[in-house]
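> First to last, the protein sequences are chains B and R. The first sequence lines up with residues 9 to 229 when you count with the numbering used here. The second sequence lines up with residues 9 to 229 when you count with the numbering used here.
Simulated from the structure, these hints should not be mistaken for laboratory data. All figures in this text were calculated on a predicted structure; none of them were measured in a lab. Any given hint could turn out to be false.
Remember, identical chains collapse to one label, so a pair may be satisfied in a single copy or spanning two.
Computed list of lysine to aspartate or glutamate pairs in DMTMM-like fashion (alpha-carbon distance at most 20 Å, straight line) [unchecked claim]: (1) Lys140 <-> Glu51; (2) Lys78 <-> Glu169; (3) Lys229 <-> Glu176; (4) Lys140 <-> Glu105; (5) Lys229 <-> Glu188; (6) Lys140 <-> Asp210.
Number of protein chains: 2
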Amino acid sequence: MMSTATASNEALEHSRTDSEPVPSGVFPQAVNWNNPRVAAILETAAECFSRGGFSTTTLADIGRELGLRKSIVHYYFTSKATLVREVQNFAYGRYLEVIRSAVSPTVDDLNPDSNCYDAGFRGLWARLRDEKSVRGLNLELWSEARRNAELAERAESFESEARRLIGEHFIAEKGMSGDEAQALATLTLAVLDGLTVREERDQGTERSSRAYEAFCKLVSK
Amino acid sequence: MMSTATASNEALEHSRTDSEPVPSGVFPQAVNWNNPRVAAILETAAECFSRGGFSTTTLADIGRELGLRKSIVHYYFTSKATLVREVQNFAYGRYLEVIRSAVSPTVDDLNPDSNCYDAGFRGLWARLRDEKSVRGLNLELWSEARRNAELAERAESFESEARRLIGEHFIAEKGMSGDEAQALATLTLAVLDGLTVREERDQGTERSSRAYEAFCKLVSK
Numbered sequence: 009m010m011s012t013a014t015a016s017n018e019a020l021e022h023s024r025t026d027s028e029p030v031p032s033g034v035f036p037q038a039v040n041w042n043n044p045r046v047a048a049i050l051e052t053a054a055e056c057f058s059r060g061g062f063s064t065t066t067l068a069d070i071g072r073e074l075g076l077r078k079s080i081v082h083y084y085f086t087s088k089a090t091l092v093r094e095v096q097n098f099a100y101g102r103y104l105e106v107i108r109s110a111v112s113p114t115v116d117d118l119n120p121d122s123n124c125y126d127a128g129f130r131g132l133w134a135r136l137r138d139e140k141s142v143r144g145l146n147l148e149l150w151s152e153a154r155r156n157a158e159l160a161e162r163a164e165s166f167e168s169e170a171r172r173l174i175g176e177h178f179i180a181e182k183g184m185s186g187d188e189a190q191a192l193a194t195l196t197l198a199v200l201d202g203l204t205v206r207e208e209r210d211q212g213t214e215r216s217s218r219a220y221e222a223f224c225k226l227v228s229k
Numbered sequence: 009m010m011s012t013a014t015a016s017n018e019a020l021e022h023s024r025t026d027s028e029p030v031p032s033g034v035f036p037q038a039v040n041w042n043n044p045r046v047a048a049i050l051e052t053a054a055e056c057f058s059r060g061g062f063s064t065t066t067l068a069d070i071g072r073e074l075g076l077r078k079s080i081v082h083y084y085f086t087s088k089a090t091l092v093r094e095v096q097n098f099a100y101g102r103y104l105e106v107i108r109s110a111v112s113p114t115v116d117d118l119n120p121d122s123n124c125y126d127a128g129f130r131g132l133w134a135r136l137r138d139e140k141s142v143r144g145l146n147l148e149l150w151s152e153a154r155r156n157a158e159l160a161e162r163a164e165s166f167e168s169e170a171r172r173l174i175g176e177h178f179i180a181e182k183g184m185s186g187d188e189a190q191a192l193a194t195l196t197l198a199v200l201d202g203l204t205v206r207e208e209r210d211q212g213t214e215r216s217s218r219a220y221e222a223f224c225k226l227v228s229k
């Protein structure tokens, strides 16, 4: 037990390098994300699922990557289904944080000298693009949710909250009607997802960024 | 052999009901799509992969759906990888046809009384939305292409042709520069993909259509 714990702590510290504070989820947490081991399992699971897809990645694979026995992963997540659901919650929590800070009315106020393209709504795509594991995981979740009603329902709740946040931004910034703002918020989320699809293929080209810039120009007209 | 052939012919006729003429692919065809049995296998494979995903759907599953023995499916497609590649080609061929007819300069000329929203560029989303098996298959292909370099490369060739077609439309219709048209073409394809993600969840609501309408309004400003 001791040697496993030591190995897992090393793996844990390794996996937490450069990571941001643990975000809260969209849904109540099934496990306590402030527990560093839980956080490490979630982050590693997100990477493994993103890399290998849900159907072929096992709890044992995730444990191996962290130097943890499968039984320890099982201690926190009783089944793969529970872990998949919690990883979805984790990814959506990060995604909503990015949206929240991008549409926050104080971003530009606080950074009057910041590059306009990187601030607020105009920086939304660049910030999501850089959340690499969330980005890849999203593509896997879209596919998985087509065959898993609970994931689909949770995806819809997440979407509805994201739409509300972006819609309120358009109402406040552009004086749009609620219906107009809702349609434009749906469009914005569609653009972000569509660019995610492209970025997974085109990484390194500036094509997605130019397309998002074109979108911002259209919206600001 | 005779009874299998009869059963398969019935299944074949069943599966061809309501189907459109076989489109050509984006890439050279690995098998002859004008052979009705090949066409039936491709259509059924597209539906099965769309429903169950690539990793868990077998050649035997596809054969069973058509009342064909696995060995007959194997006769036309020597491996699952070959079939997956050809189904991608088939789906992309349909997708390009929809784009081609939507951006064709003659659509509005030929239908002067048609509802503007259903014609040409404004009807692009509605037409893709109705290609149900292509729509679902697309989501599966994005995920699969992340782990299959050949599918990713073919996806990029398809995208490049789609971008060219839509870009030329913007150059001709809006007098845009090549760079502007390319960015807007990438954005259009991202919008279509992002709405596809939503439609798979939201089917039946008009949310995606309203978002596409908002996009067309922005573009036509």
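> For every hint, state whether the structure bears it out.
Each hint tested on the structure:
1. Lys140 <-> Glu51: Only inside one copy: Lys140 and Glu51 sit 12 Å apart there, 34 Å across copies, limit 20 Å.
2. Lys78 <-> Glu169: Cα proximity of Lys78 and Glu169: none, with 35 Å in one copy and 47 Å across.
3. Lys229 <-> Glu176: Within. Shortest intra-copy distance 19 Å satisfies the 20 Å Cα cut-off; inter-copy 23 Å does not.
4. Lys140 <-> Glu105: For Lys140 and Glu105, the Cα distance is within 20 Å only inside one copy (15 Å; across copies 33 Å).
5. Lys229 <-> Glu188: Classified as both; 15 Å inside a copy, 15 Å across copies.
6. Lys140 <-> Asp210: within (13 Å within a copy, 26 Å between copies)
Violated hint: 2 only; the structure is consistent with all others.
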